[in-house]
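Given the coordinates of chain A, work out where chains B, C and D should sit on it, guided by the hints.
There are 4 protein chains.
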Amino acid sequence: MTSIILLEEVNKHNTEDDSWMVVNGVVWDLTGFAPRHPGGADIIQEYFGRDASKIYNELHGPGLIASQLGEKKRIGVLNKLPTNELSSFESSENASKPTSEKPALQSILNLYEFEELAEKVLSPRAWAYFSGATNDSLTTAMNIDWYRQILFRPRVLTGMKNADSSATILGHKYSIPIFNAPASMAKLAHPDGELALARATAAAGSTIIVPTMSSFSIEEIVEALPPDHPFFFQLYVNRNRSVTEELLRSVCKLKPRAIMVTVDLPVFSKREANERYEIGVAQKQASHDFQEKINNKGKDQARSASNAIESDLQWKDIRWIKETTGVPIFIKGIQCATDAYLAYKNGCAGIYISNHGGRAVDTAPASILTLMEIQANCPEILAEMEVFIDGGVRRGTDVLKAICLGASAVCLGRPFFYALSYGQDGMEHALESQKPIPIIEKQTWLTFA
Amino acid sequence: MTSIILLEEVNKHNTEDDSWMVVNGVVWDLTGFAPRHPGGADIIQEYFGRDASKIYNELHGPGLIASQLGEKKRIGVLNKLPTNELSSFESSENASKPTSEKPALQSILNLYEFEELAEKVLSPRAWAYFSGATNDSLTTAMNIDWYRQILFRPRVLTGMKNADSSATILGHKYSIPIFNAPASMAKLAHPDGELALARATAAAGSTIIVPTMSSFSIEEIVEALPPDHPFFFQLYVNRNRSVTEELLRSVCKLKPRAIMVTVDLPVFSKREANERYEIGVAQKQASHDFQEKINNKGKDQARSASNAIESDLQWKDIRWIKETTGVPIFIKGIQCATDAYLAYKNGCAGIYISNHGGRAVDTAPASILTLMEIQANCPEILAEMEVFIDGGVRRGTDVLKAICLGASAVCLGRPFFYALSYGQDGMEHALESQKPIPIIEKQTWLTFA
Amino acid sequence: MTSIILLEEVNKHNTEDDSWMVVNGVVWDLTGFAPRHPGGADIIQEYFGRDASKIYNELHGPGLIASQLGEKKRIGVLNKLPTNELSSFESSENASKPTSEKPALQSILNLYEFEELAEKVLSPRAWAYFSGATNDSLTTAMNIDWYRQILFRPRVLTGMKNADSSATILGHKYSIPIFNAPASMAKLAHPDGELALARATAAAGSTIIVPTMSSFSIEEIVEALPPDHPFFFQLYVNRNRSVTEELLRSVCKLKPRAIMVTVDLPVFSKREANERYEIGVAQKQASHDFQEKINNKGKDQARSASNAIESDLQWKDIRWIKETTGVPIFIKGIQCATDAYLAYKNGCAGIYISNHGGRAVDTAPASILTLMEIQANCPEILAEMEVFIDGGVRRGTDVLKAICLGASAVCLGRPFFYALSYGQDGMEHALESQKPIPIIEKQTWLTFA
Amino acid sequence: MTSIILLEEVNKHNTEDDSWMVVNGVVWDLTGFAPRHPGGADIIQEYFGRDASKIYNELHGPGLIASQLGEKKRIGVLNKLPTNELSSFESSENASKPTSEKPALQSILNLYEFEELAEKVLSPRAWAYFSGATNDSLTTAMNIDWYRQILFRPRVLTGMKNADSSATILGHKYSIPIFNAPASMAKLAHPDGELALARATAAAGSTIIVPTMSSFSIEEIVEALPPDHPFFFQLYVNRNRSVTEELLRSVCKLKPRAIMVTVDLPVFSKREANERYEIGVAQKQASHDFQEKINNKGKDQARSASNAIESDLQWKDIRWIKETTGVPIFIKGIQCATDAYLAYKNGCAGIYISNHGGRAVDTAPASILTLMEIQANCPEILAEMEVFIDGGVRRGTDVLKAICLGASAVCLGRPFFYALSYGQDGMEHALESQKPIPIIEKQTWLTFA
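Residue numbers (this note's numbering), protein chains in the order written: chain A, 1236 to 1684; chain B, 1236 to 1684; chain C, 1236 to 1684; chain D, 1236 to 1684.
The following block holds chain A by itself, in its conformation from the complex:
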């Protein structure tokens, strides 16, 4: 039988040792969970003893909390459903614009137009989060720019009959070698979050890379795929290894084809767009007297997500994950040939070349340059491992360039989140725009591969 609980009662459980929180009318006991919260302890502590539905719904799917805490932590239901808060989310300034106020999807011809549009239709918080990078965003700009510096030398009269754009990765054949870059908080772009990503990529003959910090539970996301459809899992290793062990146990039950361990973010980088947004919010909320204190808090929040990520990761941790799970491992965040080689020597099944979309160290090299560095220095590992790459892919020709230079597949981050503002339809349209005329892609493919 479900207990009915008064808000006054909830308010009393507001300490680290005794922490209740209301989410969508359900009262949960969060005692002990804060340090394991993937988004950081700080932000969750702020809501002990309070109703956190609004912020929760912005970032998480409704089932995620039950999946994370388990039914034992469900205390009961609030004596009055906080309907205002739920509905206010949809109409709040934090929400993206509804589809009816956006241009017809068919009039969007490429990913740059999705980006242009996203600035207008996403909430300010979502725009700051998705578009922002580190320091002066130089690496982000280089990611795109370097693709443009690479030229094709198109061959002619070679015969195109058997052109084919499929790619076989770890034994499974995908129709196109294009996946989502596993970024957090997809729900900021659209309420369906990773569910839409899963459905759209699967429909295109590709699949989803599920992120550790997904808005929905991994079980919900995998259910959104067709039965037995393959998928990948991206892992942030927690400072508390037992949290990671537990996570890997539940992930492995779902049989991921590979685990991609992110290693390029030992600490959270300086994301000024985020900080500027949070400071702006703090300044609006705070009374004048508390201004300065709040300002600092704003900055802390923008950085707090990193508390759950291990800073001192080493190769032995990778070997531990491999042995624990028995699943093929990719290293995500490779930024120089030496580390690509070390990944091979440490028994990894693949590498994922990435500078975190320019969100880790600014003035790190464009990721396509890292691929070329590997090709120049240890080309043999390109044959031995799967090679994923993200950062700067905007055109079908960019996909082709990465493949021609030795990649197995490419991943897209920001552009897919911008397309996701239209939900699953947007994602499908974005995937389609990457291969605008299948035959030409196939043709050039064969020519260069």
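If you are wondering where the hints come from, they were derived from the structure by calculation, not from laboratory data. Keep in mind that this is a model prediction, so the values were computed, not measured. Each hint should be verified, as a subset may be incorrect.
Note that the list lumps identical chains together, so a pair holds whenever it fits in one copy or between two copies.
Under the rule of at most 25 Å between Cα atoms (straight-line distance), these lysine-lysine pairs were calculated in the PhoX-like manner [said to hold, decoys possible]:
id	residue 1	residue 2
1	Lys1308	Lys1289
2	Lys1519	Lys1557
3	Lys1355	Lys1557
4	Lys1490	Lys1247
5	Lys1337	Lys1408
6	Lys1307	Lys1557
7	Lys1396	Lys1580
8	Lys1557	Lys1332
9	Lys1337	Lys1519
10	Lys1551	Lys1355
11	Lys1580	Lys1557
12	Lys1488	Lys1247
13	Lys1490	Lys1332
14	Lys1396	Lys1551
15	Lys1396	Lys1557
16	Lys1307	Lys1355
17	Lys1408	Lys1488
18	Lys1557	Lys1247
The following block gives chains B, C and D in isolation, referenced to the frame of chain A:
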């Protein structure tokens, strides 16, 4: 005796197996023609059982249909001449501005000024078609930019008395080595289309390269030249070889000096300017309910022209054309030295270096770079073959650079179409502006050749 | 005794075989002079039988015509002094703004500010003439840009006591190695024209290079210098060698230190700024019916100045000038190392590296690059000959770079004409701004020389 | 007992041989001091016999004059305290905006934002002085730009536990290797001038480099540091060596860790921003008749500061300073590898790579390029000497790049002065923003060091 036919009767013949169409008051039987339509089957099927005069006149000269179908396909005349449609074309928004509303031709000093002007005086459709390229138009920009990176080292005191700007190509001497790049749909720029191009180039001592998809029939175009004036023919090979065979038969009767086979467009590229224009038109025409369906149709139309072009062209097809016609063959669309060499080995008389004005694969190299690549890797073929080049030529100095680097002649596409908005006079003025002071051109010529 | 002549009488002498013209109230017989007119025959023929005072005064000093024609050609005086025309010049739209409407000279800190100002205070004709170059003005821009690409590596602690900025050229010591680039029509910038240039350069311890097409006679200009002050003479060789012979005879009487023969302009280049200006004027003047004819005339005028310049100049002509005059010869317009070497082998005393301020062939290399090419390929001739260079010098550091790279002296064209809009004071201020703090110039000098 | 003196009496002592001046109500005897005035003799002579409080307070701390002249030169006090002048300074247009009118310090996220703000909040004089450079400011721009061209190749999985950002310089350990570039006139940015600089750098575990031309006396500045806190001293050598000897005697009493001798400014460079500002002021003040004379004076003032700096400095002077003081010597202004090597050979303890923030010779190389030149040519001296570098450092990643390339520490000039507009708080915030997230800095550090 000519039959008089009611529109109601025409309306009934609207299927693939029984297709009538009205053009300028004449009823034609198109049954079986759609797949051979150079502009694609889709667009023509839309007009089965209808009066297609308006769209026909935008794109084609009045005699073209008779030339394509033959008199046997003429069913009769409509019982009422559709004068409204014909006149509406001239005044419609699809028409270019009349000459009286344009600046005096003499005040236009160079090809850039023609381009600037063209954006204002051409119809939106024509501007989208001529100015647009593929994806981000990077190759189009590089075509121009690379000419600017190449510097002269002018010599002095060498004596200029015998300077000469003529060029001998396949045994015939032309006053200037400048031709039109054979692009389709010249009538979009001016009602006289290729007729004006032919008259103006011949007047300048050059000649026309007649495109497969000309607005007028090749017979009409050749008649516009002085008697026995040489000309070239550009060929798109149809997926149905018998269509091509028939075309070559009628072309060869006119004795072209060479056939230039386009090989760089196995499929139609992603031309966003075109697509944006067509979607815009579709959105205006469609009622709201059919919006989405129409949108997709818009995109299809923009790409449908490619259906008539063979995707699987190979070197054996080139040899077949050579043997069938006995006419010297150029390969149009050469983009790397290896293929230039293969053209030589396959017995071609020439190559035509081109990236289709940046309209084929985006981020293909600037065409002048391809010429330099050939010069560096197999310079001997520059001596053995005729070498045409287009893409980025805007100044007399650009012509000279291409010649100095080994080309036999240059071709201009967009600039000549912009000039053509003034008809034959505009084309002559454009040709004149390419050699602003004959003597200096000749001088520098000798110096570098 | 002076004849008094009616304008009606003058009007009758309007043919090539019998040509009178009025200038400032004096009637001259110009029969046979037109082909020798340095500014071209066309423009002068237009004024046969007419009063040409207005256009004459814009371009020439009052004494030039007597010097060119000799007293024998003076027919008499007009019966009424054309005072209106003379005064109208001062107030016409062709005049530069008076000094009182310009900013205080002392507030102009560098040559870029003179240029910015010149666009506002010069007449439209003068601005078009001075600022314009050829085609896209790419060489003009490169001239400046390449100086900026060259970096110093300043040394320290070397002792600066004996720093010195003087330069010895052909045995004479000048306080600074900075001269005027000998451009035509100085009077367009200021009524004192070359007189102001001569006085200002001499005052700074430098001197003037007198151009063939000076606004004042060379005798007047040399008189403006201190007694026995050295000077140079720039020569355009006329198609009619006897004209050149006569000119050299009178020049040599004044004992120039060297004759700088311009060889980079066998024909007049395409100067669009000039043509645009002339077409604009023609369009204003002409009635609508004559529009087209006039337009073409506008273009012809802009190019007519070149008719007096020999197109077919060769090294034997240089040797002829050297032998005829016995004066040291410089070749002006050297643009590659081979020709620099040939100048040396042909017994020249110096070279003058120049691309005519980017007014000859566009996309010729920046002149400082030519100097570096010489240094790399035949450095020995830098020691054997005097080396002048113009094009792109805007800062004292640019002067120093040219000297450090092997030049004997630099010349400035446009910047000095812009400064000349303030007359002699402006020129002195410009020279001063080139060596803003004498000591620092001297210091760095020693360091690099 | 203090004498009370009338202004009329002061006015009489207005010659070089008998010079009185009033500062903040005190009458001083300046006879013989002008040539030793660090800011130049000219500017001080203008105030002989007058009250100079206003200009003095803009530039100097109240105690500086007593420290420079000694109590013996104090004549007495003015009979009326010039309170108007003192207060007028605070409210004058020469003052920076008060903190209350500036944005909250916490909302400034990086040094570029400090710069953007400084243009608005500093007085025009201060902005011209701090932001201006020489000629076209090309070196200033290159300083920043070259850091952006240098890319990291981040390593992963190396273990970050013992990361550390401290640096040991001449045996003392500093928490961060970041110091102030010792520029003059800190008081133009904030009334606390170098006192705020000293307190903020010490608080961050770094220290101040005290400039010769400080706004406060060195004794006052050192007192602002914690007891026995180390500091450095920057020396301009005076043309009059006895002035320098006296200065070094008093500095050495305070035990600086090193003396940094500036050698890159033998004469004052052409700082157009300063000149433009001074001319503007002169034009406002002067009556129309004196305009021209005043204009020239404006320029002189902008350059007068250099009169106190020795132009003819040589290595023997460095050895003399070393022997006289017994303190480690750095050469400040090293701009090529040869001079770095000579510094080592002459027994210097360190070099300070600098182009004076682009304020010495324009188009000198970016300072980080000089560091790379040393590394390529004489890397051994990077191990033997301390290497400081300034110019273009704006981000924590820039600091890291300099350290990775061999520097011991970096110095910041303009950015710290802009931050100083908020006083000590601003400086602390600026230092903090350079190491936004301590751990990531430390991490990458270890990786690259």
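Quiz prompt | Those earlier numbered hints the structure runs against, lowest number first | solution = Violated: hints 2, 3, 4, 5, 6, 8, 10, 12, 13, 16 and 18.
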